[in-house]
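K.L.:
Based on the hints, put chains B and C in the right spot on chain A.
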Amino acid sequence: MRAAGLLPALILAACHAAPAGRAAGPDAQAELVIGTEGLYPPWNITRPDGSLAGFEPDYLRVLCARLHRRCRMVAMDWDGMIGALHTGKIDLIADAVQITPERAGVLAFSRPYALTSGVIATLRGGPLAGLADRDVTMDFDRPGPALDAMTDHLRRDLTGKVIGVELSGAFDTFLNQAFGSAVTLRYYRTMGERDLDLLNGRIDATLEDESYLHPLLATRDGAGLVLAGPRMIGGSMGRGEALAFRPGDTALRAQFDQAIGATLADGTVRRLGLQWFRMDASPHAAAPASAGSGAAR
Amino acid sequence: MITDDPAPMLLLGFGPDGWGPALLRGAGLTMALALTAMAIGMVLGAGLAAAGASRVRWLRAAAAVYGLVFRGVPELLVVLLLYFGTPGLLAAGAALLGLADPGSPPAFLTGSIAIGLVSAAYQAEVFRGGMLAVPRGQIEAAIAAGMSPATRFRRVIAPQVLHRVLPPLGNIWQFTLKDSALVAVTGLSELMRVSLVAAGSTRQPFAFFAAAMVLYLVLTSASSALFRLAEARGMRWAGGTGGV
Amino acid sequence: MSGDLAFLADTTLAIARAVPVTVGLFAASAVGATLLGGLLVMAQTRRGTRECARLWIFVFRGTPLLLQIFMVYYGLAALGPIRHGPLWAAFREPLFCAFVAMTCCCSAYIAEVCRAALAAIPAGQIEAALASGMGRWTRLRLIVLPQLVRLALPAYGNELVMMIKSTALASTITVMDVTGVAGQVIAHSYRTLDVFCLAAAVYLGLTGALTAALRYVERRLNPVEGTR
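Chains as they are written, first to last, in the working numbering: chain A, 638 to 934; chain B, 191 to 434; chain C, 338 to 565.
Looking at chain A on its own, in the form it has when it is part of the complex:
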């Protein structure tokens, strides 16, 4: 009877226990496992031979060398990454994670190493291709009548449209909050799937980070797409991309904060940004929030 009682108890524990993860933080000698998607160019890309490339693999190599830690990057879908972090499968996330209020409860962020903004992409010649205010940045951290008017205008333009977003990305939360039921959201597990549907016209538009869209638009397939409407930053889209840790791992996070600070100061982030994004995406390079570039996922 004891054995019969144990199994249900274990199953119950597995189903109910809040993801506990490793009791103690990773010790200083152990290899650090870094989660990334490998499907979010140019931040992180999976090469045909299975290796990871992109801004973050390069940048994390610099950070780990600086901290004298052995690091290994593993690819997994974004929708499982936070769970993987909490269950100890990975020690930190480097996946262009946006510092958003919604995630503050489950993730502890390092200081940001990039600051980019979101923008709408749609088919060239489609109904949304002519969205106005292409050169304006809407900052949702600075509410006011001007922002409200622009939001209302955008809501009118987007009403009834189908917008594709990555499941549990920051844009998903933002679109829900800003436009509610006016737009229909469609969720994708990976960016590649969403892009295929955007190019096929199964969805009317997507809201995505500029740093992702610019290289996409430069490809032959991407030539069928245009950016439309204002750039967006702040609010539930957050402000800046950072590494994400388990909330308890304060020591590890402090080490990385210091290393990020040093690489921002010595120009490493700027150099890697120019190499991968063809622009300097470092936070201090961006102009003040109201006019600058902005947010992402």
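Source of the hints: derived by calculation from the structure; they are not laboratory data. Yeah, the Cβ is synthetic: ideal placement off N, Cα and C, and Gly gets one too. It is possible that part of the hints are untrue.
Claimed, not checked - To give an idea of the chain C side of the interface with chain A (calculated C-beta under 8 Å), a few residues: (1) Thr-349; (2) Tyr-411; (3) Arg-420; (4) His-421; (5) Pro-423; (6) Arg-429; (7) Thr-511; (8) Gly-520; (9) Ala-524; (10) His-525; (11) Tyr-527; (12) Thr-529.
Claimed, not checked - Label pairs and their calculated CB-CB ranges: (13) Ala-456/C with Leu-416/B: 23 to 33 Å; (14) Ala-550/C with Arg-245/B: 26 to 36 Å; (15) Asp-341/C with Leu-784/A: 47 to 57 Å; (16) Ala-284/B with Gly-687/A: 30 to 40 Å; (17) Ala-243/B with Asp-695/A: 58 to 68 Å; (18) Ala-460/C with Arg-418/B: 36 to 46 Å; (19) Ala-550/C with Asp-686/A: 45 to 55 Å; (20) Ala-783/A with Pro-296/B: 43 to 53 Å; (21) Pro-483/C with Arg-215/B: 48 to 58 Å.
Claimed, not checked - Chain B regions said to be covered by chain C (calculated; three or more residues, Cβ under 8 Å): (22) 309-323; (23) 398-404.
P.N.:
Relative to chain A, chains B and C alone:
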């Protein structure tokens, strides 16, 4: 970055931009995943069949509940549950035994266990059928005829059990092989996952899914040919004609 | 604790609202697969169409349904005649693509089930029917079909249970079925395990109900065995 897009044939090939080697490696991983899952399912399935035939009532009930759950819940959910659930389960188990938290197992292990758990539920049915394949009277007759236990197994039990068990096991193997594609959702680079990543990053979905389909067809038809061979050989080895 | 209860109540409600999608997809594909499966069985009795039917069965039974779903949804959309043809209005919809993939895949399995059942009908009965001068349709109606239904039902029922479980794969192409909604709830709550357990319970209920219904039908069709 892919800035200009090569033709599909180049992308499927073995050149620097070609996904050919990645697809083949994926097929290899799919095979390893399915074999591991099948082995896990065989051990567990045999145990379940024994439990189902047991005289202990709660063992029988446990085997029945197991079959009900793992034949009634989508395989995709089992894979997701195992992937996210095992670390918590291991932590809870270790805490009960007073051990340190073992951390989390790799995706290959949780994936093969998840597919193996489902496979076991179906294999248990097959083994139960196999246990019924030899009527009691035949064993008694063999003993009466003075056959040694080895001869009895070779000439009476094995031919009939194999004849009964091998075809459905071949069927389950096919399901297990195809179910292994679900492990793609955990990010393990088996065949399904590689084709999805390649389709997304090259924007050539038709070419890559077609290539993956061909590779799966090679795996499934090659293994079903092997099973047919095993059936024929098994009968001959056992000295029976296979007709029961 | 009350927050937990409220969360579970909200999640249960959200998942319950997705049950019609899961059940609808299952019902539509079950009907489609049965009709197409019957067509495949008939095609196998004729020279010429036989090879096509065998190839269809070989391809759809030999590859994972997940891959077939991706092929129908993303792969076919890359083909000009589909993307720019009159069928695009239907293939544009993820639910329709899931229905097509499931119908094609399950028809292959159902065709095999029917073929095995047909082979189990004693040849003597057909010969006797021929000898007594029965026409093709009378033979089908009075001799073949009643036995086919009874012989094929257990295996056919298994296929239906498999189909309910397979509908979960539609969530991978943006269909908001039970699994899709569960995934969406998890995306915002980060509570993987209890939500998946809840979804698993829903599927267990659906497959359990279908199994019970099938057993009832089987008993009705086999009154002698049923009362034994």
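K.L.:
It remains to establish, for every hint, whether it holds in the given structure.
P.N.:
For each hint, the structure was consulted:
Here the hint on Thr-349/C is broken, as its CB sits about 15 Å from the closest CB of chain A, past 8 Å. The interface hint given for Tyr-411/C is met, as the beta carbon of that residue sits about 5 Å from the closest beta carbon of chain A, less than 8 Å. For Arg-420/C, the suggested interface contact is upheld, since its CB lies about 7 Å from the closest CB of chain A, less than 8 Å. Annotation: His-421/C was flagged as interfacial toward chain A, and the flag is violated, the nearest CB pair being 10 Å apart, outside 8 Å.
Of the supplied interface hints, the one on Pro-423/C is violated, with its beta-carbon coming no nearer than about 15 Å to a beta-carbon of chain A, more than 8 Å. Against a cut-off of 8 Å between C-beta atoms, the interface hint on Arg-429/C holds, since the closest Cβ of chain A lies about 5 Å away. Taking 8 Å as the C-beta contact cut-off toward chain A, the hint placing Thr-511/C at the interface holds, the least distance being around 5 Å. Of the supplied interface hints, the one on Gly-520/C holds, with its beta-carbon coming within about 7 Å of a beta-carbon of chain A, less than 8 Å.
For Ala-524/C, the shortest C-beta to C-beta distance to chain A is roughly 3 Å, which falls under 8 Å, so the interface hint holds. For His-525/C, the interface hint holds, the least distance from its beta-carbon to any beta-carbon of chain A being 7 Å, beneath 8 Å. For Tyr-527/C, the shortest C-beta to C-beta distance to chain A is roughly 5 Å, which falls under 8 Å, so the interface hint holds. Checking Thr-529/C against chain A: minimum C-beta separation of about 5 Å stays under 8 Å; hint holds.
The supplied range of 23 to 33 Å is met by Ala-456/C and Leu-416/B, whose beta-carbon atoms lie about 24 Å from each other. Ala-550/C and Arg-245/B have their C-beta atoms about 33 Å apart, which keeps the hinted 26 to 36 Å range intact. The given range of 47 to 57 Å is broken by Asp-341/C and Leu-784/A, whose C-beta atoms sit roughly 36 Å from each other. Distance hint check: the CB atoms of Ala-284/B and Gly-687/A are about 32 Å apart, consistent with the given range 30 to 40 Å.
Remark: the range hint 58 to 68 Å for Ala-243/B to Asp-695/A is upheld by a beta-carbon distance near 60 Å. The beta-carbon spacing between Ala-460/C and Arg-418/B, approximately 25 Å, falls outside the hinted interval of 36 to 46 Å. Checking the proposed 45 to 55 Å range against Ala-550/C and Asp-686/A shows it holds: the Cβ atoms sit about 51 Å from each other. At about 52 Å, the CB distance of Ala-783/A to Pro-296/B agrees with the hint of 43 to 53 Å.
Separated by about 52 Å at the C-beta atoms, Pro-483/C and Arg-215/B satisfy the suggested range of 48 to 58 Å. Proximity of the stretch 309-323 of chain B to chain C, defined as three or more residues with a beta carbon under 8 Å from a beta carbon of that chain, is not established by the 0 residues found. For the stretch 398-404 of chain B, the proposed coverage by chain C is satisfied: 4 residues have a C-beta within less than 8 Å of a C-beta in that chain, meeting the threshold of three.
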